[in-house]
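Number of protein chains: 6
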Amino acid sequence: MTGPIQNRHVVIRTIERADAGVAAAIGATGSSTVHEAIGRRGFLGPDIRPIQSAARIGGTAVTVLAHPGDNLMIHAAIEMCQEGDVLVVTTTAPSTTALFGDLLATSLMTRGVRGLIMGAGVRDIADLNELGFPVWTRHISCQGPVKDTPGSVNIPIAINGQVINPGDVIAADDDGVVVVARAEAAWALEQSEARVAREEGTRAKLAAGELGLDFYGHRKRLEDYGVQYLDTATDL
Amino acid sequence: MTGPIQNRHVVIRTIERADAGVAAAIGATGSSTVHEAIGRRGFLGPDIRPIQSAARIGGTAVTVLAHPGDNLMIHAAIEMCQEGDVLVVTTTAPSTTALFGDLLATSLMTRGVRGLIMGAGVRDIADLNELGFPVWTRHISCQGPVKDTPGSVNIPIAINGQVINPGDVIAADDDGVVVVARAEAAWALEQSEARVAREEGTRAKLAAGELGLDFYGHRKRLEDYGVQYLDTATDL
Amino acid sequence: MTGPIQNRHVVIRTIERADAGVAAAIGATGSSTVHEAIGRRGFLGPDIRPIQSAARIGGTAVTVLAHPGDNLMIHAAIEMCQEGDVLVVTTTAPSTTALFGDLLATSLMTRGVRGLIMGAGVRDIADLNELGFPVWTRHISCQGPVKDTPGSVNIPIAINGQVINPGDVIAADDDGVVVVARAEAAWALEQSEARVAREEGTRAKLAAGELGLDFYGHRKRLEDYGVQYLDTATDL
Amino acid sequence: MTGPIQNRHVVIRTIERADAGVAAAIGATGSSTVHEAIGRRGFLGPDIRPIQSAARIGGTAVTVLAHPGDNLMIHAAIEMCQEGDVLVVTTTAPSTTALFGDLLATSLMTRGVRGLIMGAGVRDIADLNELGFPVWTRHISCQGPVKDTPGSVNIPIAINGQVINPGDVIAADDDGVVVVARAEAAWALEQSEARVAREEGTRAKLAAGELGLDFYGHRKRLEDYGVQYLDTATDL
Amino acid sequence: MTGPIQNRHVVIRTIERADAGVAAAIGATGSSTVHEAIGRRGFLGPDIRPIQSAARIGGTAVTVLAHPGDNLMIHAAIEMCQEGDVLVVTTTAPSTTALFGDLLATSLMTRGVRGLIMGAGVRDIADLNELGFPVWTRHISCQGPVKDTPGSVNIPIAINGQVINPGDVIAADDDGVVVVARAEAAWALEQSEARVAREEGTRAKLAAGELGLDFYGHRKRLEDYGVQYLDTATDL
Amino acid sequence: MTGPIQNRHVVIRTIERADAGVAAAIGATGSSTVHEAIGRRGFLGPDIRPIQSAARIGGTAVTVLAHPGDNLMIHAAIEMCQEGDVLVVTTTAPSTTALFGDLLATSLMTRGVRGLIMGAGVRDIADLNELGFPVWTRHISCQGPVKDTPGSVNIPIAINGQVINPGDVIAADDDGVVVVARAEAAWALEQSEARVAREEGTRAKLAAGELGLDFYGHRKRLEDYGVQYLDTATDL
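Residue numbers (the working numbering), protein chains in the order written: chain A, 340 to 575; chain B, 340 to 575; chain C, 340 to 575; chain D, 340 to 575; chain E, 340 to 575; chain F, 340 to 575.
Hint data in this document are derived by calculation from the structure and do not stem from the laboratory.
Here a beta-carbon is modelled for each residue, glycine too, at the ideal position from N, C-alpha and C.
Hints should not be assumed to be uniformly reliable.
Claimed, not checked - Below, a sample of chain D positions facing chain C; criterion: calculated Cβ distance under 7 angstroms:
| hint | residue |
| --- | --- |
| 1 | THR429 |
| 2 | ALA497 |
| 3 | ILE498 |
| 4 | GLY500 |
| 5 | VAL502 |
Unchecked claim - Stretch-level coverage of chain B by chain C, calculated; a stretch enters the list once three of its residues show a Cβ under 8 angstroms from a Cβ in chain C:
| hint | region |
| --- | --- |
| 6 | 349 to 358 |
| 7 | 434 to 443 |
| 8 | 457 to 463 |
| 9 | 469 to 483 |
So here's chain A without its partners, still in its complex pose:
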């Protein structure tokens, strides 16, 4: 009996990508907006944080599953990247070791890649910030990688319980990173932009001093739940 396909290491050359313009537009609405708009799904978790401030990107995922402490497969992935992609990397076991630095960023920038999402570590923070290449990562570390273990490119991977398929949309900003399934991209954009529009109206009302308690109907809800209003603590 031979080993099944899952045990092979592969690089998939051609993937179906979400539309690049749609991906960029989704990213522009902000990661929290997208997450909320598609039904509170796709958040990669609070431990994947930006190394820079105020970056906001949207793009299509090229995925890498690497061995901890080994970035050989990132080198293989670069060739598969194109304008509008976001590279998403994770490892088969937890590790803080940096798998990415300014040289790889230089390479990705020549191909029009919009950013990196890293489930392990990165380094060369100062250089990355100077280059203006946006990165979200779980760790920052001086500890660098070897190039000794095979892995795969453009297979489904998962970070903190969220599955990322190659070609999915990645939206990332100061709040974190959200993945949107490729098949949902157009719908997600519609939902996200509708939410942005709705929030504009809400923001105007709130800035004018109206209370969400009133116009959302929360006051009724508090009553239904039996929350009591007391004039002072001594009324308890």
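Starting from the known structure of chain A, fit chains B, C, D, E and F onto it as the hints suggest.
For chains B, C, D, E and F alone, kept in the frame of chain A given last:
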């Protein structure tokens, strides 16, 4: 435009399961053996720990994706469980709240379920241990759940970067939890049992005082890597 | 202007305690039961864990606020302890240093104290287990304390966001630690025992194979929330 | 027997606040100065961190105890806020879910609220920074809240072992957050400003090259503790 | 210019060991006793925990510095081990991967090694417990090692800020792990046994109901520090 | 028998330092470059982080081993510091308490000290950033120190498993902190600068669109490891 399928909450009634006997046999070889035998894949991570000592199980996954702090979907999942299953639960955001206790265990035991894997929290530890129902969990907590938010049963979920599909094999013991893809089950059992057999021979040699350094060929490797043997530190 | 009372270090000799029998009876229902019965309140958090297995206690709190790494005030607190008390200790800043070991346990056992809840660290685990003195703690450490800094005994303290007043009921077992306000003790016991009784009935039904989905009315809820039942994944 | 008061969900309309000017002046001296000046008390812990750099605020606490993942009670709290307040929110169990974003900030800014202290998560970081609304929080997350569970406003809450009563003073800056009891506010300001004045003198001496070792009398202390001065390590 | 000695990978064959009997006797007094007796030094930290309960060992350190995820050097170290040794392993960067399991334990047991201290991960917990080979470790994981990177044996290493030299004494039990410098071994035993003897007397007094507050002189200390005794909280 | 030298508290007045110019030049190449250039050693770990952005320093270590929560020995260390030094502080047990603030920084700046590396906590972040004194630390906290316990200055210390000897080179920037042994300084500078030079060439090639996959020879490696290139996922 209507919402895509991914945004629906569903309970899938019929799933294709790995063979129950194969699943049990895989579990019996031990989670680390399986993990190693299939190419170092499938480990759910070092933070999913047993609440008991010395339990070892193998079974087929029934999966639950729940809202943090809400166990409504576990109630829905029980009906889908059968003899030989292992219930695997995770939440859409990190949470320590207990979604499982001795009452749910009682229900699962009547259906022949072999154990629980929980990405959030459990409680009633003393009762669970007394019942002899094996549990692996990320948290233990008194904080109990509500039953107010929909989710899904028997869809693909992920824990710490490992995807678990309904019907996959779960192997769990004191070392942690490993998932094996359903399609790989027969091959994985073959590999795992071969590894157990090989290790028997190795164990006998080691117990007789032979050095792995010699019979594995590591001594040559050390030489190739330039590791120097010195008689004392003063030879440095 | 002189300093306010909050800045003084005090030992309060006489505190009003919840009834000792009530406290013991509350503890006997189990920490998760109590927590649930009083409205999901009072859980000291998932990082306060038992050093032993299967202990279950209930008692009245004598509280200590200590300086990190200093157990002088525990010595002062012992004199204030009586039969049926539980000593609850926390520090003014996070610390792993052990403030408690087998000698202090020996002292507490002569006074009939039922256990210790520790927000910092303990040591002498083997001896404590041999003595059979139950302990719940945030850390285990060899690092011992000095006796150089004042603090207070029998003032209100807080652990992980839960306030513990001297004389409050402490319920602790394998699930963790729950605090019940003294004024609520009788009511909490009534609620907890009612819950235990109700669960007996539920357990019998579940053991007989009935589904909570049916007798709790959750099936209706799933329908209301729009959860769809599909025969197979291909129906998606 | 009816449930006790602690089990009710309440919104307290009128609270006694520390003087707004005093609260602002306390904040201006810096959180570490205040903490030190009042006897090393009131620090909310190293895991409550600012989302911005170089903000420094002082104000009076309006408190919220919310269910994890649910921000209904923040909506209720806004109505209770006035010029000079700081909103302080925590949850009944640990959670990373965001309970606060830019819309709620807009609402609070119209009422003159000076900032937010959050024991769970926030989102819309980029917008909050653009609005200039200062926030200290335990987590940043895209994951948003529901509005389905009651809680309380303006009751005593606790974060990391520090009790915050409504009306207490909150001082927050890059070092973290400190709470000062309302009754201590005037005294705390006096102590804090005295400390600032003293430190000015010390700073001048240190900048001139004098050694704290000398003018604090630490040299004598080192001698008393038996610390030995050796010319080189070989004198050991 | 050639690379300096620190950059070479070496295996030191002959090390000076503390006396085996002294090492065993030190271990028998308990890790916390030793730590305290030698001046509160040498504790390897609260995150190095036993996989078993109630084991207590003392022995002489054979040290390994390994690459994360690679246990080649443990194989090299076994040959250097002798009766009475304890193997102490750490890695050049943080890692949860298991570097040790039951086969290596079998090998070590044939040479009379008393236990393992591991700064990364171990697996085969059930087998190790069955073998009765005591292990203290930072992580438990199914994830196994490769044998592809050189490192060193019997050079000084450090775990959590404590330096361990080859030949030093290791004392380990349920409280954790303490290292004693070889040159201090005889003195450390003397100090530790004196402490045990002293504690015997103290224990007898405490068991008889005497208060440490009195016979330690802490009461005077409380007075000196200005701690006030109040009859009730209302005296505040 | 008297206590051994290791149990004494000492301040070593004269240490051999690496050359100040070499130390500065090493720092200028960046911490990750140094770490890589000397064989992936010396990284103090991913939890020692800068409080500022874009600082980059190199200097010679003056070391402090302090009691948790006590900074008496930092006061003693200042006198031992000179132009070009970096102060490196750790504690005998884990602690978040701040041992350093703007006053100590003022003192160090008058002596030409280039920065601080702290294994516990710091405070006065806003002031430190205003002063422009660079700090890398494990924690930020308002909680301040006492000055009541002896320790040592200029003895070997360890942070996260890396030993720092007085006089060693410290290189620190946004990636973290690396220690280089004094005896290796000249060699390390040579290696680091060679690496910087090599990377310049590589960067130019990558910026021109060449693939590391080609010019590093990784393509051959992927083939050797059996990584398969597939046109689409359906070829699996």
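These are the hints, each one checked on the structure:
{"no.": "1", "hint": "THR429", "result": "holds, 6 angstroms"}
{"no.": "2", "hint": "ALA497", "result": "holds, 4 angstroms"}
{"no.": "3", "hint": "ILE498", "result": "holds, 6 angstroms"}
{"no.": "4", "hint": "GLY500", "result": "holds, 5 angstroms"}
{"no.": "5", "hint": "VAL502", "result": "holds, 5 angstroms"}
{"no.": "6", "hint": "349 to 358", "result": "holds (count 6)"}
{"no.": "7", "hint": "434 to 443", "result": "holds (count 6)"}
{"no.": "8", "hint": "457 to 463", "result": "holds (count 3)"}
{"no.": "9", "hint": "469 to 483", "result": "holds (count 6)"}
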